[in-house]
Every structure is written in structure tokens, then in C-alpha cells.
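Sequence order for the protein chains is A, B and C.
Each residue of the first sequence is one higher than the last, beginning at 1 in my numbering.
Each residue of the second sequence is one higher than the last, beginning at 1 in my numbering.
Each residue of the third sequence is one higher than the last, beginning at 1 in my numbering.
Everything hinted at is true.
Straight-line alpha carbon distances no greater than 27 Å define the calculated DSSO-like cross-link-like pairs of lysine-lysine that follow:
| hint | chain 1 | residue 1 | chain 2 | residue 2 |
| --- | --- | --- | --- | --- |
| 1 | B | Lys540 | C | Lys85 |
| 2 | C | Lys170 | B | Lys354 |
| 3 | A | Lys8 | A | Lys149 |
| 4 | B | Lys540 | B | Lys487 |
| 5 | B | Lys540 | C | Lys66 |
| 6 | B | Lys487 | B | Lys102 |
| 7 | C | Lys66 | B | Lys368 |
| 8 | B | Lys526 | A | Lys79 |
The set of hints was computed from the structure by calculation and includes no laboratory data.
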Amino acid sequence: MSAKAPKKIVATTSLAGCFGCHMSLLDIDERILDLIELVEFNKSPFDDIKTFTKECDIGLIEGGCCNDENVHVLTEFRKRCKVLVAVGECALMGGLPALRNVLPLKECLEEAYLNGPTVADGNPDKIIPHDPDLPKILNRVYPCHEVVKIDYFLPGCPPSADLIWDALVALVTGQELDPSYRSFKFD
Amino acid sequence: MPAIAQTVKQVVARYGGDATRLMDVLIDVQDELGCLSHVTAARIADVLGIPQVDVEQTTSFYHFFAREPRGKFAVYLNDSVVAEFCGRAEVAQAFEEAAGCKFGEVSADGVVGLFHTACIGMSDQEPAALVNGQVFPKLTPEKARELVAGMRAGRTVEELKGDQYGDGQNAHPEVRALVHNHVRRRGVMVFDHYRPGEALAKVVKMSSGEVIAAVKAASVRGRGGAGFPTGMKWDFARRAAGDVKYVFCNADEGEPGTFKDRVILTERPQMVIEGMAIAAFAVGARRGVLYVRHEYLYLRAYLEHVLADLRAQGLLGTAIGGLAGFDFDVSLQFGGGAYVCGEESALIESAEGKRGEPRDRPPFPVEKGYLQKPTVVNNVETLCSAVQVLLKGPEWYNRLGTEKSKGTKVLCVSGDCDRPGIYEVEWGFSVNDILKEAGARDVQAVQVGGPSGACIGPDEFNRVLAYEDLATGGSFIVVGKHRDLLKDVVLNFARFFREESCGSCVPCRALTGMAQVVLERIVAGKGTAEDVERLRAWQKIMRNNRCGLGQTALNPIVTTIQNFRPLYAARLAPGDPRFVPSFDLAAAIRDYDAAVGKG
Amino acid sequence: MASFVRFTLDGKTCLAEEGAQLVAAAREAGVFIPTLCNYPGIPPKGACRICTVLVNGIPQTACTTKVAEDMNVATSTPELEAFRKSVVEILFAEGNHLCPSCERSGNCELQALAYRYRVTVSSFPYLFPKRDVEAWHPKLVKDHNRCIQCKRCIRGIHNAEGHAIFAFGKRGDKVVINIDPDTSKDIDDELAQRAMDICPVGAILRKGKGFDVPIGRRTYDRAPIGSEVRP
Ligand SMILES: Cc1cc2nc3c(=O)[nH]c(=O)nc-3n(C[C@H](O)[C@H](O)[C@H](O)COP(=O)(O)O)c2cc1C
Ligand code: SF4
Ligand code: SF4
Ligand code: SF4
Ligand code: FES
Chain A
1 MSAKAPKKIV ATTSLAGCFG CHMSLLDIDE RILDLIELVE FNKSPFDDIK TFTKECDIGL
61 IEGGCCNDEN VHVLTEFRKR CKVLVAVGEC ALMGGLPALR NVLPLKECLE EAYLNGPTVA
121 DGNPDKIIPH DPDLPKILNR VYPCHEVVKI DYFLPGCPPS ADLIWDALVA LVTGQELDPS
181 YRSFKFD
Chain B
1 MPAIAQTVKQ VVARYGGDAT RLMDVLIDVQ DELGCLSHVT AARIADVLGI PQVDVEQTTS
61 FYHFFAREPR GKFAVYLNDS VVAEFCGRAE VAQAFEEAAG CKFGEVSADG VVGLFHTACI
121 GMSDQEPAAL VNGQVFPKLT PEKARELVAG MRAGRTVEEL KGDQYGDGQN AHPEVRALVH
181 NHVRRRGVMV FDHYRPGEAL AKVVKMSSGE VIAAVKAASV RGRGGAGFPT GMKWDFARRA
241 AGDVKYVFCN ADEGEPGTFK DRVILTERPQ MVIEGMAIAA FAVGARRGVL YVRHEYLYLR
301 AYLEHVLADL RAQGLLGTAI GGLAGFDFDV SLQFGGGAYV CGEESALIES AEGKRGEPRD
361 RPPFPVEKGY LQKPTVVNNV ETLCSAVQVL LKGPEWYNRL GTEKSKGTKV LCVSGDCDRP
421 GIYEVEWGFS VNDILKEAGA RDVQAVQVGG PSGACIGPDE FNRVLAYEDL ATGGSFIVVG
481 KHRDLLKDVV LNFARFFREE SCGSCVPCRA LTGMAQVVLE RIVAGKGTAE DVERLRAWQK
541 IMRNNRCGLG QTALNPIVTT IQNFRPLYAA RLAPGDPRFV PSFDLAAAIR DYDAAVGKG
Chain C
1 MASFVRFTLD GKTCLAEEGA QLVAAAREAG VFIPTLCNYP GIPPKGACRI CTVLVNGIPQ
61 TACTTKVAED MNVATSTPEL EAFRKSVVEI LFAEGNHLCP SCERSGNCEL QALAYRYRVT
121 VSSFPYLFPK RDVEAWHPKL VKDHNRCIQC KRCIRGIHNA EGHAIFAFGK RGDKVVINID
181 PDTSKDIDDE LAQRAMDICP VGAILRKGKG FDVPIGRRTY DRAPIGSEVR P
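Please construct the entire structure, taking both the sequences and the accompanying hints into account.
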């Protein structure tokens, strides 16, 4: 890791995820100091940059696509990042949000906004929210690779900090990722 | 309820309370009660002394066993490739409109039930349907409407059929079927002059070793598709330990586009059964089972009648041909609607009353078959060949055919040609020869050997039908130039395999469905070159399935990728490879718009 | 009296009892052949196909193969390894496997094989089939989402009268495992536990059981499945 090598530019986002994968990245503890030597963050919740300001080398995607905004963000990431990494079970295969994939969307919405036990009187007009500013919900949750081409996949819920760290180092240094057994888990 | 209890008790008693006769029990009970409900299944389980889940394990496996009532008239309309070629869609629509219900449903008045079914062995007279077990071939929308009107007018199936019976034995008083034989070319093996008992008369003067030697000398090979040497099979069974042995005749005939066994069983049932008796003599079996697919139940009374006749003539039963100790009898076993039951070990499982799941091999049926006893399983046509070998000698037989494929083959020609039907030809005829005889012009492709075989294009029409070149169990489907090969043919076959997998092996169970998903994507113009490669690569995975079904299930796809690649290339989605073309945002938000009332 | 046969396993000459199951004989000889539908002590059924090896050059499932004199077995060619990984990936895409919320996670044979083969995501299309969770039984929960149809429960679990408790229903990609309400009625905790244990995945659960071993101490947390087999 030569200090002179230009820093790789990294963007991250959370689509239909819980930010757990982002938290896990922060879990790399003091290695975070090494990380900022290696990379510079662009669009990412880490630095609160909301729009891409330059072309990126690596995009880290947390979460799958459950609404049209997710799709637009993912598409933009695909356009702006050379390499896209799906991080975590939700990005890989939908994860917990994909539990709804076996139900028709209409049923889910009606349960959530009209008939569910927690709705009670909270929705007197019986409206399923559909303000034009709200993202439109997709018929099911899509794994990222069903929408755009994904180059690498990191499993886990969330992936362990070690796995994310090892993967980033491998990507930045152009080496093959050989994860340790203990860091490679689905839960 | 008492009706159920009463019926179940009677039927189970008819089969000696034997749980291995479950298929017979189910067929008869369903015949009387209309369906096999949970209550009925529980009752059967109770009387047979087996768990209810085990009964339902069998009932739910077979296409023709129904849990719910299927209407006074259960219409099973074939949805095979050839049926579609012949205008099935319009007929289906006419049925739906007349009945007032969709396929998979029963009309509100309970009179008509409409169901899809895979190839019913009538490819030369499509579109065809089974109505309460009776065949209605060559349907048109008008006929469909007439049929439904007749059903509503309270007519019986017999009345609906009328009396325009088909040719040959189709008009036999025990058959009375509207089915036609369409034997277009009579060969010397099956459709030549034949007198029952002649071959057996010779056999009883021989030793079992001599019989096997003759079959070996003629190098008879199986006509069911796999082409295993018959003499060798008989020899294995003869040498297998055990004093109880069985001979099975495989008349399951499920490969789409195949219908020769139906015609042979109609015109030459005596020859088939004589073949079984010869096999029994050779291996030392006393019991035979003729396993016939459910779709041919309309032949049941006739075949029982033929068996009784043969017993009366001393060609079945005890001391056959006057030879003391040569005792052999044959019983009929019908299936329940499952292509995989044509696989010999699945056939045996089915005959034992179980779901038709192929067995792991070894052991092979000749070592451990029906009820774990050595069992010979032979195709209908193979047994006919054996009869002729014994009658006319191996030298005669060896003069027919090619270097490596001796004798004749009964072909079932269907699809886009003027003269679909049965052609008995010597091995070695080319595809072109057959196309010419059948009156086929502007041919895009021929599916040789059914979906599990290969789809070939005009540059291969000079290839010959033989074990060493194009092997076939008989199915020969002609696809005209005007057809959409991928959509009309390949996709239909993909669906077929998905529905017919027994579900045991992981690759077969899952990849048949996944292949359909990917193929649909390609057909819809949303596939990628990667998708095509992926399908090809899956073939390697499928080779490790347990039985031939899974091993060949991707053949329609893989052989068309091989031989008709431009058809695939023309359908691939254009665009940026960084995005997945099958993802369709507009389609994905449609449900939402509908749910919030903006659709 | 047992007699021994000599066979070749990945180029090494080995001795095994005649008629021994190839999976077991290989294990004895220090070679791990992955399995899913196989379970010691119950009759094999070559269903999952993951144990496929080359016997005299021909693919055959090792769980249904008996060792015979002069048999030549190759257990680990690149093609076989690729095939095994595919089987695992297919199963993940065929059912609904949400490991993070699964009671069996960490103790699941399917997941463990995915770890062993470093499966990240399935390269097969995720089908998201609609499957049920059945909880009517007083002692058992059947989560069909996770069932890999290995039939271990069918073959291995019988009630006191020797009757089957589990059976297949339907065929093809619609197969499901059914529980017989009658024969399963009186099962005790021990049999319920055995049913849960015999299932390689989290498709059969005992009511009120699960998540009782902390992460880090579960069966496959530290070392890959098969690493107990040593040459
Ligand atoms: C999926 C599948 C379906 C089969 N269907 C039939 C069939 O309908 N009729 C038949 O004779 N053989 C069928 N076979 C082949 C049989 O397994 C077996 O090889 C044959 O009945 C042996 O008879 P033969 O040697 O006389 O051909 C099928 C095989 C498979 C794998
Ligand atoms: S290959 Fe398919 S049909 Fe044959 S045994 Fe396996 S799952 Fe059943
Ligand atoms: S059964 Fe195994 S693979 Fe499936 S979700 Fe549970 S832990 Fe994961
Ligand atoms: S429930 Fe478990 S043991 Fe039974 S078939 Fe499914 S995965 Fe196998
Ligand atoms: S373990 Fe051998 S086929 Fe499943």
C-alpha cells in the first residue's frame, strides 16, 4: 500500500436496508484510520455527500430494491462507479424485506395501511399513501443483481467488519479476496 | 359418507386388501366417487392399514387423481406442441366460453370440468381431449361447443361419442373409440400377417437358453428409447437369484409425439402378450404385468377381453402351449398420469402403489425389481420384435436395418405434414425419406425422439434413424417454417419437463423450472447472451440427475441453441451490458399504481 | 464375518468392508464427500446429488454406492466441485432461505456447505416461491420455505407402530413434506427432537426451541463442515 498511490474513490448507499451494513463497516475500529489513507469517500452517508461529485472507483450497495427510488439510485451508482459491490443479504437476495415477496403487493399495503392491528384509527380516510413525492413501491423486492450488473457480493447480515475490510483492501490493492472462514457468514 | 365407506371397502376387497395394489384401488374408487378427497384418502388409509399421508403421497403425484370433484364430465384437453399446432387454443377458448369456466375449474352447475393435460398419445389426430376417459380426437371449436351442449342436455359420454368409430380394432365392440390408427406404412415386424401362438409353439420346443441365444443372435435392442440389448437383459434376469420373477411390458408411452404403443395395443395386443410369455419362458417368470398409461384406460375392457381369449386358447395360464410347468399369466396395471412412470424403475414403484419416483441404480430391475424380485421391463414394440425373431429366426431379422441397428422401427410422425401417422420402417431410413413419405414441405426442424431427443435442422435431414446416428423411441415431430420454434416448441417442452419431474433430484426439480424462467425471458426479448450460455452450462449439472428425465430435460433447449443459434441471437435484448434487461421498472410499479387506484 | 475389498480413492489404494457405503468408507479413509440427503443409519436415497463422484469414470452418488473390489473412485475433480457448489446455490435460489432469522443458522448443513464452497450469492434465479409455515402440530413447526426435500424425515422418522409420520405430497417443483395428523399425534419430545435433528436445515423445528446456542459456539461457526474428517 504505497502512500503515493492515488486514493480510490468510494461511494456507498443504503437502499432497502437497515444501515446495519454501514454500521458494520464502522465496526472495523481503528482500521478506519488505515481506510481513510486508502480511500476517499464521495456520495455516502458517512460524509453526507448527497450527490455524486465525481466518478467513483467502488460503489458499496446495502439493501435491495423495494421502490422506484432504490432503482434510480442503484442505476446512478452503476453509471458512476467502476465496480459495484452488493453488501449484505438484503442487497444479495432481498433479505428480510423480501419476506413480502410471496405476497401480492396489494395485500401488503392493505395490511400495513388499512387492516393491520396497529392501524386502528390512525388512518380514518382509509388511504394508502400515494403522494407524488413518495417513491412507488415495487411489486416485490429485487436483489441488486436483478436490476444492474453487480461485480462482487459480500454475504452476511451484516457482513462482518473483517469481511468488509478484507474486501475493501483486496479491491483497492487489486488482490483476490480470500475471506477467512470465520468472517464468512450469512447471519 | 356411508357411500364413501362402502365404496372403499368394496374396492379394497376387490384387490385383496393389498396396499401394493393402491393404484388399482385409487383408479376404481375415483371412478365411482368422482374424486379422491381427504375423507376418501383417510378411509382408504384406514382400510389398508397405512398412514393417510402415504395414500396422499401417491394420489397427489399423479395428474389424473383429483382431490376435488372434477365435474360430471372431466375434460382433459391435450396441450402438447402438436395439439397447439393443430389449433388447440381456439378449441380451448370454445370450451371455456361454452362451459362458462376457465381451465382448472368446474362450471358453476357442476357439469363440466376443464383441465390441461400433457400429450395423450393422439398426435396424429389433434387437438384431442379425454372426456371421462374417452378420447375425442380432431376437435374443432364447433365440436367443443356441441360437446358441452350435449353434456348440459344430459347425454352420456357414449352418446356424446356417437358411432363414427375409428378404423381397425378401434371399432371392436369392447373399444368403440373415435380414435384412428393411421398406419401409413406396414412393416414386417408388427403390422404384417400374424397368428397368435405360432411363436410360442416354437418356443415350447426350445430351452430357455436357446430362446435367449436367438434374441441375442438377432441383437434385438430395446425400442423404449434406451436401446439396451434385450437378450442380455433377459439373460441377467434368468441368472438372477430368486424363484419369483416378473415380466413387465412398458406401455406408458409418455414421450410427447409417441403413439405407436397405442396402435400396437389396439391392433396387435396378442403379439405383445405373446412376447411377454416368451420373455417369461426365457427368464423363468410366472407373472407378468402390462403397465398401460392412464390415458389409454379406454382400452381396458378390450385388453381384459384379449387376455381372457388368450387364456382360453392356452396361450396364457397353466401349461402354456401344452407344456407342463410353463405357467404364466398377465395382469393389467394402469398408471395415473405421469411421464416419469415410463422410466422402468418408476414404473415398478408405481405398480407397487407408490409415487412414480425412479429408484437409485444399482440394483437394476433385473436384480431387484417389482416387489424386490428380478424383473424384466420391455417396451411394447421390443416384445413384438422378440416374437418375430422366434418365429422367423435371427438370420431373417439381421437382414433388416443397418450394420448396428437390426430390424424395424415403428415411427410416429406428427406435426406439419400431410400424412401424420404410423410408419414402420427398417432402421436406416433418413429423416428426408420420412419427410417425403409423410408429405412434409417447408420444414424448419424435426424433433426426433420427442423432447428428450434432439431438434435438428435441414442440414441434418440426411442423417439416418439408427441407434448409431439418430436414436429414437418413435416420436418424430415435424415443425414447419412458419412456426416460432422457440416459443411454440421449445418453451412448450420446457414446461412439460417442469411439470413432469418427479421432484426428487435437486437439479431436475429446480432447474427445469429455472430454465423455463430464463427461456421465457429470452422469448420475450429480454434475455442476454449470458442467459443463453447459462442454459447451456446447466446441461452439465443436469447430467448428474438420477434418471433420464432429468438428464435430458434441457435437450430441447440445448439442441436448439446448438442447431438454431441465430433464432436465439435474434431475440437477445439490445443495450448496455451494465443493466439487466429483464428488469422492467414500468411493470414492477404496475401493482402499486393499481393498489392506490392510479392504474 | 466381514470381508474386505480393495478400491482406489483419489489415486490411493484403500481397504473397506465389502458392501460399505462409499460415503462412509471415504470418511474412514480421510476423504470428505459432502452430503445433504444422506443420514447415517437410514436407507440412502440419492436425492440431492451433491455426493456425486466418479466411479470408474461414471458419475454416481456416493451415498447409494457400495464399495466393491477394484472400484476406482474420484471424489474431487474441478467439475465435481463446481457441480457441488451449483447444487448448494440452486437450493438457496429454489427456496426462501433467510439465514439471519433462521433458528438453524450456524447449525445448518446447507448453510455450512455454502460456507465451505464460499457461496456468496446464488448464480441461479431466485424463485421466491410461495410456501407456508405450518404450526398446527402441538410439538412441531414445519417451515416449508427452508425445506430442501431431502426426505431424511420421511425415511428416518416413524412412530411407535413403525408408521411413517412424514411423506411427500405432489411432484416436481411443487413437492412438499406433509405431516400425518394421525400417526404424528402421540409423538413424544424425544421423537420430536429427533425429527428436528434429522432435518439438515431449519425446516422442522420443535415448538419453543431455537437460538439456544450463542453465535460463535454453534456447530459450524469455527470450522467448515467436513473438517472433522482427517486423512
Ligand atoms: C423419463 C423416461 C420415460 C420413459 N418412458 C418410456 C416409455 O414410455 N416406454 C418405454 O418403453 N420406455 C420408456 N423409458 C425407457 C425405460 O426406462 C426402459 O428403458 C424401457 O422400458 C426398457 O424397455 P426396452 O429395453 O424394451 O426398450 C423411459 C425412460 C425415461 C427415463
Ligand atoms: S431426474 Fe428428475 S424425474 Fe428423474 S429421478 Fe431425478 S427428479 Fe425424478
Ligand atoms: S435452513 Fe439453513 S440455509 Fe436455510 S435459512 Fe436456515 S440456516 Fe439458512
Ligand atoms: S423437512 Fe427437513 S428432513 Fe424433511 S425433507 Fe425437508 S429438509 Fe429434508
Ligand atoms: S447425499 Fe448422496 S445424493 Fe444426497
